[in-house]
Amino acid sequence: MRDATDDAAVRAVDSATVRQPTNVLIVGVGGQGVIMISKALAWLAQSQGFEVKQSEVHGMAKRGGAVFSHVRFGPEVWSPTIPKGEVDILVALEWAEGLRWLPYLKPDTGIFICDTKRIVPPFACLNRHPGAPLRYSRETPAEVRAHVLEAYAIDATRMAEELGNDRAANVVLLGAVSTAMDFPVADWERAVTEFVPKKTIAVNLKAFGLGRGWIDDARRGTPAALEAEPVFATPRAPADTPYNVRLEITPGWCKSCDICVKLCPERCLQLNSERIVELAIPEACTGCRLCEWLCPDFAIRVHLDSVQDMVAAQAGARQ
Amino acid sequence: MSATTMLDSAAEFDVRDYLRAEMMPHFLCPGCGHGIALRALLWAVHELAIDKDRLAVVSGIGCAGRLSAYIDASTFHVTHGRPIAYATGLALARPDLHVIVITGDGDCLAIGGNHLIHACRRNLKLTCLMLNNEVYGMTGGQVSPTTSETRVTSTTPLGNSEPHFNACALAAAAGAGFVGREVTHHVPKLKELIKAGLAHPGFAFVEVMTDCTEIFGRKNEMGSSAEMVLRQKSELRPSAYRDTVDMPFAAKDLPTGILARNDRPEYGEAYRRAAVAIKSAADNPAAGRKSRQ
Chain A
0 MRDATDDAAV RAVDSATVRQ PTNVLIVGVG GQGVIMISKA LAWLAQSQGF EVKQSEVHGM
60 AKRGGAVFSH VRFGPEVWSP TIPKGEVDIL VALEWAEGLR WLPYLKPDTG IFICDTKRIV
120 PPFACLNRHP GAPLRYSRET PAEVRAHVLE AYAIDATRMA EELGNDRAAN VVLLGAVSTA
180 MDFPVADWER AVTEFVPKKT IAVNLKAFGL GRGWIDDARR GTPAALEAEP VFATPRAPAD
240 TPYNVRLEIT PGWCKSCDIC VKLCPERCLQ LNSERIVELA IPEACTGCRL CEWLCPDFAI
300 RVHLDSVQDM VAAQAGARQ
Chain B
0 MSATTMLDSA AEFDVRDYLR AEMMPHFLCP GCGHGIALRA LLWAVHELAI DKDRLAVVSG
60 IGCAGRLSAY IDASTFHVTH GRPIAYATGL ALARPDLHVI VITGDGDCLA IGGNHLIHAC
120 RRNLKLTCLM LNNEVYGMTG GQVSPTTSET RVTSTTPLGN SEPHFNACAL AAAAGAGFVG
180 REVTHHVPKL KELIKAGLAH PGFAFVEVMT DCTEIFGRKN EMGSSAEMVL RQKSELRPSA
240 YRDTVDMPFA AKDLPTGILA RNDRPEYGEA YRRAAVAIKS AADNPAAGRK SRQ
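Protein chains in written order, with numbering that gives the first Met the number 0: chain A, 0 to 318; chain B, 0 to 292.
Treat each hint with caution, since some may be false.
List of simulated lysine to aspartate or glutamate pairs, DMTMM-like, C-alpha gap at most 20 Å [stated by the list, open to error]:
{"no.": "1", "chain 1": "A", "residue 1": "K261", "chain 2": "B", "residue 2": "E191"}
{"no.": "2", "chain 1": "B", "residue 1": "K194", "chain 2": "B", "residue 2": "D282"}
{"no.": "3", "chain 1": "A", "residue 1": "K197", "chain 2": "A", "residue 2": "D215"}
{"no.": "4", "chain 1": "A", "residue 1": "K205", "chain 2": "A", "residue 2": "D215"}
{"no.": "5", "chain 1": "B", "residue 1": "K194", "chain 2": "B", "residue 2": "E21"}
{"no.": "6", "chain 1": "B", "residue 1": "K232", "chain 2": "B", "residue 2": "D262"}
{"no.": "7", "chain 1": "A", "residue 1": "K197", "chain 2": "A", "residue 2": "E160"}
{"no.": "8", "chain 1": "A", "residue 1": "K197", "chain 2": "A", "residue 2": "D216"}
{"no.": "9", "chain 1": "B", "residue 1": "K278", "chain 2": "B", "residue 2": "E226"}
{"no.": "10", "chain 1": "A", "residue 1": "K52", "chain 2": "A", "residue 2": "D87"}
{"no.": "11", "chain 1": "A", "residue 1": "K261", "chain 2": "B", "residue 2": "D262"}
{"no.": "12", "chain 1": "A", "residue 1": "K261", "chain 2": "B", "residue 2": "D95"}
{"no.": "13", "chain 1": "B", "residue 1": "K232", "chain 2": "A", "residue 2": "E160"}
{"no.": "14", "chain 1": "A", "residue 1": "K261", "chain 2": "B", "residue 2": "D16"}
{"no.": "15", "chain 1": "B", "residue 1": "K194", "chain 2": "B", "residue 2": "D262"}
Cβ-to-Cβ under 8 Å is the rule here; a few derived chain A residues that face chain B [stated by the list, open to error]:
{"no.": "16", "residue": "F194"}
{"no.": "17", "residue": "K197"}
{"no.": "18", "residue": "V244"}
{"no.": "19", "residue": "R245"}
{"no.": "20", "residue": "I248"}
{"no.": "21", "residue": "G251"}
{"no.": "22", "residue": "D257"}
{"no.": "23", "residue": "L303"}
Since the hints were derived computationally from the structure, they do not count as laboratory data.
These numbers were taken from a predicted model, which means no experiment stands behind them.
Where is the CB? At the ideal position from N, CA and C, for every residue including glycine.
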């Protein structure tokens, strides 16, 4: 009796496992084609007789938000969104977006496929001092692989560029995804043909094959794929010479028009008791020169003194 | 020039090197955008490494016309509406000079409108910088040819009912070699535009949208100087901000940047060639007749 119940419980768990949908989460930044490849995947799954649910959030990603699309398919799908930790395949079209969604990946069996394309969002540049480090992820593909069972970092954007159209990068990744599913290649190609613009069908089919081949090579450990380990330079701010900002203000020329005070991005200027501009918060000033440029009375001159110069000047003063 | 990037150039350029310090501070009202335009002009001059002794600035009457007095170069402050006429003579006589005209919207389009269109037609090497603040500021805020519809001025107390000039379209239609427009809010872009105009081998017309806070803004309740500068971005909507998301449904759209280029022959060159031919014909009438036979 007891055995029978256990068996029933095991059977119930088994059938639940079998009936679990396949969860694919596709993430990226606006304009990369996240929605397009998720639609192609959903269309393909539907054509294979599965029940499909897809839901997405798009827009504003260039301003630091995310574009993501949940695609779930299987014999039976109830919710259109994938719970945290339930993603079977996480496809990321941008490196940091991929890392952001990693907690959604199934810890034991999930596959992570990520483009190494890096699009630095404005949020990573909140500190506007030149030389300030960008707050973009510094993890290397090797570090990520150590935490994920099966992870691929593909330089899909470069591969697509070599084909002559960098916008086909998403289809390169779709090709990579295709290796993780059992659909026939011909059907995949039909799905790609269905969704890409008519003029780009040829290049996109090539991109698809390239992505598929890349994963196959990587699985077999072919040196070509391993050598394709992308060059992964940490992004840096353009200038990293430290300097101090000094504002030279000609009080007699200032007419208290307030343009510099109101238009300073750091809000570090103010008018003093005589209504002449002064630098109220020197440590906030980044030396962007907006006040100098927008002062109609030429009363402000921004000097960026390098630290070496200042040390030399102090040494000179001491002597 | 040693500067390689825009930021290097900005660090190197000190506007005071190009100003007559004894004339400063200038007479413009607090917050007047003309000063910003003047800085952009001098920055462009600096980047092109134009010698001050080779720089001639001609200006007419009005707030913009007054600017020439502050530039440390050869400057002429001439009669109302005629700076282009004076500059034409100067540029024809002295092709070695860089001749710049600073003029206002009323000076250039109303009083001197005829000179403008004929200068465009001739395509003589000149740079005409028209500072458009939509009003006659110096004389008390009368309506000007560029005052927008419904704006209040001292001569249109119930709002302007006339349509206004599109100065750039006018200059392009009249055949100017180079036509551009920019707002003062974006100083480096304005500098680049003026630089391109100065480098152009024919007549370059650059319209700068500036703000007149005291005379125009006050009557039209357009806020402080800073608000008026920001208004250039939000209300005029220059090309650079066309896709910004803050006001996607604003109807206005101000084309900025280089708007027209006509590669027509430059007039001064043709004029000098004709002058030489006429002179040689006059000096040597026999040869002239012989060549005709």
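Quiz prompt | Distance restraint between B:K194 and B:E21, which requires alpha-carbon spacing of 20 Å or less | solution = violated (27 Å)
Quiz prompt | Distance restraint between A:K261 and B:D16, which requires alpha-carbon spacing of 20 Å or less | solution = Judged against 20 Å, a Cα distance of about 27 Å means the pair is violated.
Quiz prompt | Restraint check for A:K261 with B:D262, where alpha carbons must lie at most 20 Å apart | solution = Violated, because 43 Å separates the two Cα atoms, which is more than 20 Å.
Quiz item: Is the hint on A:I248 kept, meaning its closest Cβ partner in chain B is under 8 Å away?
Solution: At about 12 Å, which exceeds the 8 Å cut-off, the nearest Cβ of chain B leaves the hint on A:I248 violated.
Exercise. Decide if the proposed pair is consistent with the structure: B:K232 and B:D262, CA atoms, cutoff 20 Å inclusive.
Key: violated (31 Å)
Practice problem: May I ask you to test the interface hint for A:D257 with respect to chain B, counting a Cβ-Cβ separation under 8 Å as satisfied? | Solution: holds (6 Å)
Quiz item: Taking only the CA atoms, is the gap from A:K197 to A:E160 under or equal to 20 Å?
Solution: holds (19 Å)
Exercise. Decide if the proposed pair is consistent with the structure: B:K278 and B:E226, CA atoms, cutoff 20 Å inclusive.
Key: violated (59 Å)
Quiz item: Is the hinted pair B:K194 and B:D282 satisfied, with a Cα-Cα distance of at most 20 Å?
Solution: Cα-Cα ~42 Å, so violated.
Quiz item: Minimum Cβ distance from A:K197 to chain B below 8 Å?
Solution: violated (27 Å)
Quiz item: With a cut-off of 8 Å, does the beta carbon of A:R245 approach a beta carbon of chain B closely enough for the hint to hold?
Solution: Status violated, d = 12 Å.
Quiz prompt | Proposed interface contact between A:F194 and chain B, which counts if any beta carbon pair is under 8 Å | solution = Nearest chain B Cβ about 26 Å off; hint violated.
Going down the numbered hints, you'll see the structure goes against 1, 2, 3, 5, 6, 8, 9, 11, 12, 13, 14, 16, 17, 18, 19, 20, while the others check out.
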